[in-house]
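Asks: Read off the chains here:
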Amino acid sequence: MMDTTTNQSAGLSSVPLGKALVIGLGGCGIRILDLLRANPRAGWLVTLAVDTDGDVLAKTRADAVINASADWSPRSNAGCGGDVIRGERAISHERANLTAHIKDFSLVIVTGGLGGGTATGGVRTIASVARAEGVPAIFLLTTPFSFEAHSRRKNADDCLQEIVPVADVVLTMPNDLLFSTLPPDTPAEHAFAMAAKEMAGTVAGIAAILRCRDLVGTDFATFMRALNKRRAACGVGVGFAENSDGLDRCALALSRMLDSPFLGGKEALKRADAAIVTLTGGPDLELGEMKRSLELAADVLPSGIELISGANVCDEAAGSVQMTAVIFQYAPDSKPEPAPLRPGRKTVKPVVPPVEDALPFVSDTRDVVEVELGLPTYDRGIFEKQPSVRFHDVDLDIPTYQRHGSSIDKGN
Amino acid sequence: MSSSGRTIITGIEFGTDKICVIHGMPDQNGNIEVLSFASRPSKNSVVKGVIVDQNAALAILREALEESEKGLGRAFNRSERLVYFLVNGMHVSFRFGEGTVLIYAPDKKVTRELVAQAIDNAKNLAVSTDLDNIQVYDSSFLLDGRKRTFNPVGQLAEKLTAIVHIVFAEKKRLETVKVILRELGFEDGYPVFVPFADAYSVLTADEQSQGTLLIDYGAGVCAYVLLYQEGVLFSGVLPTGVNNVANDLSVALDLPYDFCHKFIRESKLETLRAEGKSCIEYMVSSGGSDKIRRIPLDSFEKVMDLRQRETFSLIKNELERAKALPCINSVVLTGGGAMIESASDILKNVMGLPVRVGEAMNVTGALSSFRSPMPCYSAILGLVKHAAALEADSPSGGNGLRRAMENAGDHLMKSLFNLGKALKV
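Quick note, the sequences are listed as chains E and W, same order. The first sequence: position 56 = 56 (the working numbering), numbered continuously. The second sequence: position 410 = 1410 (the working numbering), numbered continuously.
These are calculated hints, taken from the structure and not from any lab test. Here a beta-carbon is modelled for each residue, glycine too, at the ideal position from N, C-alpha and C. Treat the hints with care, since some could be wrong.
Unchecked claim - Cβ-to-Cβ under 8 angstroms is the rule here; a few derived chain E residues that face chain W: (1) S92; (2) R95; (3) S128; (4) D379; (5) G381; (6) Q386; (7) F391; (8) Y401; (9) H404; (10) G405; (11) S406; (12) D409; (13) G411; (14) N412.
Isolated chain W, as found in the complex:
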């Protein structure tokens, strides 16, 4: 707890590009005040959103954590802290759960208790023991198996069916993160899937209700979620990200990977085009002599276009297969990949829908510590908002929240009943 009585939330991201730590807390208006932030390059300890070198990741996180805590200006007992961490990667999957309750009350009115019971039934999916249920969101409800509604409380029916969106992650991957957190003195951590965290920070209330596809185009993977009527219709992960674009350039044009990565990150294509150049000059040393290679900018554009178009087309195909395309009214692109200038144009072309680049809204405080453009930090900032939204609902602050989290049923209920409210932050 801070001196003002508000709980300081710690958020951690094990990203393919960077490992970062944030300390933040909500203000009276529901905005997020960033107290401190620190980021370190992942140095190949994380690949496609998954930790592959536990010791290296631990060392990097320790550095970032110490710097961030130093920024707070006071010492904390980590074991008493609430810590949330972002989950991403191909081990994250989702299923739809369906649960039904019969309404015996004479007035046939749907109550909150019945909704909770239906949801409780819906979440009881038979899944592999390797998977952990990390988040549950309501998708929609059916009254008498026919009438679809998103808020059934108060309506009349004989039977209520809840359809929920359950996000699973591999237990071993989650345990790896928790081991690292325990090593650093935290008691436990709570996972949040990246695009759900993004949704809290970058989407407006209208976007949450009108059908928005939110894509987090990260360095290693591309995660997405489709929000409709404040519920979750679809989510998923593609094992391709900005690093693939850089790798494609590197292979196609015989250039070092780091050069290509920098080329993308610094939007060199657009800069050189604005200068009226049609090729890039690259110095190569061969046999003791230097030679200048002239590589057409169109070649860069072609390689980048092919990869991005494929990535977005794969997302579109997944949504088409789920018959979810008609529910989308707009697309929001965030994450480091959103900074590629051509990305939103290609996405607009592929989806045939308006696209905007999303960055965290209503955030104040120590923003100078963010060294990259803001869309790169949408998820970690959203993570704080996500935690704050749950915190605000908890009757006894952090401890209450923790109790709620420990109790799967309560946690589920809190998630479900407060998602809509929380997303409106």
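For reference, chain E alone in the conformation it holds in the complex:
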């Protein structure tokens, strides 16, 4: 399951046909973008590739490209080498360019892989531009594998902590989940290709959900209402079937949707609190077909949940149907997690002695010990010599970014 968070933003509305922009940020984002470009059902989406690596951009099939070249920052046109600050600096330098691309769209979907430099550093700038232009933005971001370096996972976690308050919707997809449905003997190259394809399908599916108010409408406002400004675990499933696949193409699309790895399996469906299900078909979509497939979808979901159904028709989907579902399981406490007030204080697992060395009949009930790693150093600036005025035991004169542990690019 993915984590989702929403913020309410005034003026969010449904997305008119053909006015959605998908931004692929960084190498991973551009890979997804290229697969999306190859998907005929996503032909209505406009794509924009943004990267610091000129070689990657040279090969992309995206409609537009922004080569994040910062003449005032050290740059070799070969990426930012996983350096978040350099990525942030390079993307922020392209702010005017991003604004020019984003401002005419009614929805922006940003996709990329967190943990590296460009996407991790750049998402905040894109969120800021989208907010400034009043364009609703959805972030579909992958998080690193559990076996990847700690620094990459920390980069991703830090980025999420910063992006969640400023973005409209953030959907994070753990890379580990992508491979959970594949057998271990799957060739690695094939597995990664599958993962990118699945991600591209998810982007197309999310875009389809928000696409238009055609037959039975679902739009961005519906999406926001379903999330109800709460933090939720989220699953996305996309199923596609063509006329040539069999007689009951809608049932087939539903079955494929339920098998989507990002949906999290049937157990996740049982725990859902809310769901958005949409059917996208071509002009040949029949009323009975639409009714039956949405009813079938409703049957697999637990009764009593908030279910929002929608149906769209578009020419590109002629001869096929696509069923997309987003399910939400609200977190019991859906408030944003409080920032660590004392980042220097860590909790670590104790070193457990071998069983033969342990004293018999003596049980130590402690399962964790707290180790003081020294007082964190804060700079109170002009308030240094003034007595601390605490609010709920927090010294608000300490800069917020220090208490939150955010990294700030001081320039060069």
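Use these hints to put chain W onto chain E, whose structure you have.
Replies: Structure of chain W alone, referenced to chain E:
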């Protein structure tokens, strides 16, 4: 008294950024005519709304007062003047008081006298002797302990319970101000909590009745009040203001505090963005040579965003804890911090409600003496309106008001019965 028979009101603000004096009076339409205004930088004599250097504050106020009085064009005997001053800072707190009266009259009708008695009982809270009750506002009334109403007069009940919002301030802080005022020749001064003064100047009648959160985002502190059905539901102060935003920038980006303060005050972020720039160039001298530092504008935005978002989230959390969030229909942001262009957008994002920047309405006269944008002066202008509203209700002008103020019960009654009327000005 002026020649026209209207009383000239003197208002004083000891702000973290500025100490200012205003002379004004109400006109026939209830608007405020500013007769003179003077402002001086506080020069660190006031920190987070509290005077920390009495002598410096006295000297600055004396200068401002003399300039303002000069602007009036005539001499006054200060000891005969009504003077109001704004109170702000973490020493200001509020409590809810609850007072009950039983109705023995055969018709069981709630009368004004019974309301006054219930309020009188409600204000008798056992609080520390260090605290002074500076203002009392009605919040709501309960009939027979069940039915909530905001105007109980004329309704039938066996029992009437008044719930009042009482604002307290530390006696020593108030006494510091009063000592300064006496030093300057005033007999006494009357304190008004900043957001209540703001409410008189920036809120429309609809906003007062429909549930409005009013936030005064000042230089040192952020004070707020929630008005609902012309009563006060909640108020509070956060020890963080625009100076914290500037300080955060200064620490985060290794820049001088004054530069950061100016950067915020002059909305440089938005100006540079409009010019298509992505970084700011800052000259540093090191080892005899000058070097240009290029600092991304996104870094400024990130630091400012984090601080403002935290400030507004803390207010939201306080209101959520008090279960007051459902009563809010809109938010009005005023004070110097309202001039930060991103502030209202962040506030809208945090609260999920419409937000507008509030500035004083229905004010005429010597407005050219206000050198900063008008939201910076919402409180001092509201202070004059607040005083004028009380004055208008007083049967014998200033002296009557003073008598009323001296009599705690009368003052309370005047506040309570006239708040709604006054807020509609």
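Asks: If a hint holds in the structure, say so; if it doesn't, say that too.
Replies: Hint check:
1. S92: 4 angstroms, holds
2. R95: With a minimum Cβ separation of about 5 angstroms from chain W (threshold 8 angstroms), the hint on R95 (chain E) holds.
3. S128: Nearest chain W Cβ about 6 angstroms off; hint holds.
4. D379: Holds: closest Cβ of chain W sits about 5 angstroms from D379 (chain E), inside 8 angstroms.
5. G381: OK, holds: G381 (chain E) within 8 angstroms of chain W, min 4 angstroms.
6. Q386: This hint holds: Q386 (chain E) lies near chain W, its Cβ roughly 6 angstroms from the closest one there, short of 8 angstroms.
7. F391: 6 angstroms, holds
8. Y401: 5 angstroms, holds
9. H404: 6 angstroms, holds
10. G405: 11 angstroms, violated
11. S406: Because about 6 angstroms separates S406 (chain E) from the closest Cβ in chain W, which is inside the 8 angstroms limit, the hint holds.
12. D409: OK, holds: D409 (chain E) within 8 angstroms of chain W, min 5 angstroms.
13. G411: Where the cut-off is 8 angstroms and the nearest Cβ of chain W is about 4 angstroms from G411 (chain E), the hint holds.
14. N412: 6 angstroms, holds
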